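K.L.:
What follows is each chain in one-letter form.
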Amino acid sequence: MLLALPVLLPLATAIALLLLPHRPRVLRWVAFAGALGLLAAAIALLVRVEAHGIHVLQVASWPAPFGITLVADLFSALMLVMVGIIGVAITGESFAGVDPRREALGYHPLILVLLMGVSGAFLTGDIFNLYVWYEVMLIASFVLMSLHRTRAQLHAAFTYVGLNLLASAFLLTAIGLLYGQAGTLNLADLARAWPERRTPALDAVLSMLFLTAFGIKAGLFPLFFWLPASYHTPPAAVSALLAGLLTKVGVYSMIRVFTLLFPDPGAGLYTLIVWMSATTMVVGLLGALGQRDFRRVLSFNLVGHIGYITVGLALWSPAGLAASIFYLLHHMLVITTLFLVSGLFLRQRRTTDLAALGGLFQTQPVVAYLAMVPVFSLAGVPPLSGFIAKLAVVGALLNADRYWVAAVALAVSLLTVVSMARLWDEAVWKPAPPHPSQPKLGAAIVTPIVFLVGLTLGLTVAAGPVYEVSRRAAEQLLDPRGYIRSVLGEEPSRVAR
Amino acid sequence: MELLLALVAGVLYAAGLYLMLRRRLAQLIIGLSLLSGGSNVLILAAAGVTRGKPPIIGDTSVAAGQFADPVPQALILTAIVIGFGVLAFSLVMAHQVHRSVDSDDIDAIGSSAVTATSDKS
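In the order they appear, the protein sequences are chains A and B.
Under our numbering, the first residue of the first sequence carries the number 4, and numbering increases by one thereafter.
Under our numbering, the first residue of the second sequence carries the number 304, and numbering increases by one thereafter.
With the rest of the complex left out, here is chain A (with noise of 0.2 angstroms):
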């Protein structure tokens, strides 16, 4: 029961915010405590699986690989926490206020579904569920993008519409043939009976379809163009719940269903993944470099830095994947607040483009020590997380005798400190530009940035706990033999459940 909470919660959130009445303070204390229930049903999660192993509930006790079958392993439940994490701090942040328009049209309830949508997809262990789950958050993400009706605004929801159903279609295309070859979609069957069934022929045909679908979705090079292209147009908070969570689901189903269908390491494949996520790294980078907009600077970190998080895939190593996940962890983290940081501009200035910023430093120096946190973090500077995490990504790719791209993630983040030491300087330190109005920022839309400044922090000093937590969650992923006895069950209680 707990493995559906998950997604139950921020069902029902959603229902009972659709029936209630529209009174704005009611709707959002209720959004906020479904995100609260959320992160409570994950962490509970986590310390079950940390505690017991992998956790497998067949839903309506359809046995296993008939029915769908909800799977949490350590990985799974990691992503669930940060899914919650986000929640909160979203749904904290529409205290601070929402457009009203927005408000009326669904806003709270829409970012419930996309949370379900996403825990869905974390949680699901049938391949073809992970579709549904997809096609859920997206809708939800779809409409969130395109409340708003500036040109600029509709003209990135197309983009991104377009472009992500395309990823779905390609998604589908590979279930459809995954199916007609292995006749089973439950995921822990497929890992069994693949080996037996595939061909090389069809297998590089079913990798390339999966690369493409989940690399569209988390924006790895050259499938990312429409990421810078649409995430610094809708309201900070969107973006931030966008940023944090939806490439990081593509990274997930990437991580999963290549640990669990083409589980060669060496092969052609994984120097594919590879190449490409060391020019995600320095295309996204050297992007961010040139532009001139608080967000599409982050936009365009956020490509580049998916690129250290797939490349640990490609390693196929316990450190390499560990490296993965810390990375995922504190990447989720420290972007959503800067996202949110830069609601803090809108706020202020109705604008993220740089020439219009600065002068935080001297009117409101706390907040601007606050930014500090998550702008020097993604900088990779010690001893905060994202260094940890660069750190753990550089030693598995040295340990791999993986010189080169070793070289490269080490070249590029310089570029990273380039580009985030300049929009510190640009939006924070620099004097104030001649500028009429900077209302002071107020308590409520401070509050979420501190949370994850908070937990930014917190991950830095219990960075040696979580790091061992990930090398136990990669394990798990490299040796799916766990994976495919908890779900289809030698003992047959778990499978009667």
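By construction, these hints were calculated from the structure, which means they are not laboratory data.
Model, not experiment: these values are computed from the prediction.
Among the clues, some could well be false.
The calculated lysine to any residue pairs, modelled on SDA-like cross-linking and capped at a C-alpha distance of 25 angstroms, are [said to hold, decoys possible]:
(1) B:K356 <-> A:G70
(2) B:K356 <-> A:K443
(3) B:K356 <-> A:T187
(4) A:K433 <-> A:V420
(5) B:K356 <-> A:F69
(6) B:K356 <-> A:G186
(7) B:K356 <-> A:G183
(8) A:K443 <-> A:G398
(9) B:K356 <-> A:L180
Far from chain B, by Cβ distances over 12 angstroms, these chain A residues were calculated [as the list claims (entries may be wrong)]:
(10) H25
(11) L60
(12) G186
(13) R405
(14) A435
(15) T463
All residues carry an ideal CB built from backbone N, CA and C; glycine is no exception.
Fit chain B to the given chain A structure using the hints.
P.N.:
Structure of chain B alone, referenced to chain A:
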């Protein structure tokens, strides 16, 4: 039968992708729906077609091949429903674009977007 379905799926994919590369929003949307139709046909073809047999097993002694596989049919039904929702949403969005920009040329929205946010993408 499979060969025919495979050809139909291929034509639908090709037509859908070609239309998605066009500049008009209406063609983009038609392309998307052709593409999702194509993937539905592909699921049916890939899973194998059993003619004239129901997808239900009344008698558990029935051997494989004596009944149609119900799973691809269920997948296709789900995909059709999702595709329908997505299609409805994109039509509403295209209508919105048409009302605010008075054009269904994607580049026309894009060019004004560039001047609005003063950046070059």
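K.L.:
All hints, please: hold or fail.
P.N.:
Hint check:
Restraint check for B:K356 and A:G70: the C-alpha separation of about 23 angstroms stays at or below 25 angstroms, so the hint holds. Distance check on the hinted pair: B:K356 and A:K443 sit about 71 angstroms apart at the alpha-carbon level, beyond 25 angstroms; violated. Straight-line distance between C-alpha atoms of B:K356 and A:T187 comes to about 21 angstroms, which keeps the hinted pair within the 25 angstroms bound. Distance hint between A:K433 and A:V420 is fulfilled; the C-alpha atoms sit about 18 angstroms from each other, no more than 25 angstroms.
Distance restraint check for B:K356 and A:F69: the Cα-Cα separation of roughly 21 angstroms lies within the 25 angstroms cut-off, and the hinted pair is therefore satisfied. Restraint check for B:K356 and A:G186: satisfied, since their Cα atoms lie roughly 18 angstroms apart, inside the 25 angstroms limit. This hinted pair checks out: B:K356 and A:G183 have alpha carbons roughly 18 angstroms apart, not beyond 25 angstroms. Taken as a hint, the A:K443 and A:G398 pair is broken in the structure, with Cα atoms around 44 angstroms apart against an allowance of 25 angstroms.
Of the pairs offered as hints, the one joining B:K356 and A:L180 holds, with about 22 angstroms between alpha carbons and a cut-off of 25 angstroms not exceeded. Its beta-carbon lying about 22 angstroms from the closest one in chain B, A:H25 satisfies the requirement of being farther than 12 angstroms from that chain. Under the 12 angstroms C-beta cut-off, the non-interface status given to A:L60 relative to chain B holds; the minimum distance is some 20 angstroms. A:G186, annotated as away from the interface, has a beta carbon of chain B within 12 angstroms; the closest lies near 8 angstroms.
Listed as outside the interface, A:R405 is consistent with that label: its C-beta sits roughly 33 angstroms from the nearest C-beta of chain B, beyond the 12 angstroms cut-off. The Cβ of A:A435 sits about 20 angstroms from the closest Cβ of chain B, beyond the 12 angstroms cut-off, so the non-interface label holds. At roughly 34 angstroms from the closest C-beta of chain B, the C-beta of A:T463 stays outside 12 angstroms, upholding its exclusion from the interface.
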